[in-house]
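Student: The primary structure of each chain is shown beneath.
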Amino acid sequence: MNPRELDKYLREARVPERPDDYWSEFPSRVVGRARTERVAGIRPAPWRLGAAAALAAAFGLVLGFALWHRHAAPGDAYGSLRDGRVLRELQTRYPGRLQAIIQDGSGLHTQLSDSADVSASDPILLEIRDGKDRRVVVTFSGQLVRCGDRNVMVLSDLGGQVMLVGDGFFWSRQASSGLADVVHIRAERIPNELGRSKPSPPL
Amino acid sequence: MVTEDEGILIARSRSGDWEAFAGLIRMHQRMIHSLAYRMSGSAADAEDLAQETFIRAYRALDSYRGGAKFSSWLYRIALNLCLRWRRLEIRRGAADREWARAGARDTAPDARSERVQEALLMLPPKQRAAVVLTVFDGMSHSEAATMLGCPEATLSWRLFAARQRLASLLSGHESIP
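Going down the list, the sequences are from chains W and X. Add 1105 to a position in the first sequence, counting from 1, and you land on the number used in our numbering. Add 728 to a position in the second sequence, counting from 1, and you land on the number used in our numbering.
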């Protein structure tokens, strides 16, 4: 088969036909998603997270958050993230890429890895109060999160104890060091059945 | 570098006119779906990739300066997503890959198209992209090299290697699993 014959053979291969309905509805579906994201006011987190952030340049907008946000009490970010629905939806949407969901004063943000390399450990829920600022984070053992003015690694041991470790910084429920007086932390592992999602084919 | 109608739709989309943005999608949706299918081999993945392309385009609409054709700008977004999709796909388990391949078989329009698509999927992603851009979408080597961000000589080499492999696969000298 010479190059000309090959090109002709290739060009005769067709792509799947789709019904007319598909083409007329596709723009509406995209616009619907774009509108939802815009109404939710979700935008990329304004800060970066150390070495892990090199893999996490993409900050996704969250599909469907507007619906959840409408049902959640404004100050109850901890509860709405703890119930696992947001986590399940985002894990399904971004299989293996979701590093953290962050709720703070400016809205809900997601932190995504560029590749599907986030291990499927139990989710960890953190509430970090730094003076008047409050941030609720769902993340996983081994991920970096912002705590006060520094990046810290979130770790969880086999017994379910959560620790935050950073440069000159340590926090667990029992002990802490290097923590400013105005910073208060609450942490817990989310039960498996709440946070776990069924795997789905990645994009 | 945009048509008058397209320019109006872009301007209106930037100011929040959803119907205008839907109009832009209608103008380019078939091109983007076709590229995504050639690159992914899956109708379902092509739909996801196309949707993600337009969402990203919407978010980045303010950054489109009009220096290139709008379709080329959109095409580049889609191509980058498709190349990235391949990196994710490599990490899929064997079962997932088989599921995707079965999906491609179910959606291919005929046996020849299916055979070509499976052969394309056996190429490294950048070689596949070189074939899709030049053979299917009719770009010159120079245009395709610009789109892929590589020297023209690299593009030509990828195309040469891809043609060798495709000829071998499609003439039966090498089997398609």
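Hints listed in this document are in silico derivations from the structure and should not be mistaken for laboratory results. Owing to the predicted nature of the structure, the values given are computational and were not obtained by experimental measurement. Fair warning: there could be bad hints in the mix.
Claimed, not checked - Going by beta-carbon spacing under 7 Å, a handful of chain X positions derived as facing chain W:
hint, residue
1, A771
2, M875
3, C878
Unchecked claim - Far from chain X by the CB rule (all over 10 Å, computed), these chain W residues:
hint, residue
4, P1108
5, E1122
6, V1136
7, E1232
8, R1255
9, V1288
Glycine included, every Cβ here is placed at the ideal spot set by N, Cα and C.
Student: Each of the hints needs a verdict: does it hold here or not?
Tutor: Status of each hint after checking the structure:
no. : hint  : result
1   : A771  : holds (5 Å)
2   : M875  : violated (18 Å)
3   : C878  : violated (20 Å)
4   : P1108 : violated (6 Å)
5   : E1122 : violated (6 Å)
6   : V1136 : violated (5 Å)
7   : E1232 : holds (30 Å)
8   : R1255 : holds (30 Å)
9   : V1288 : holds (34 Å)
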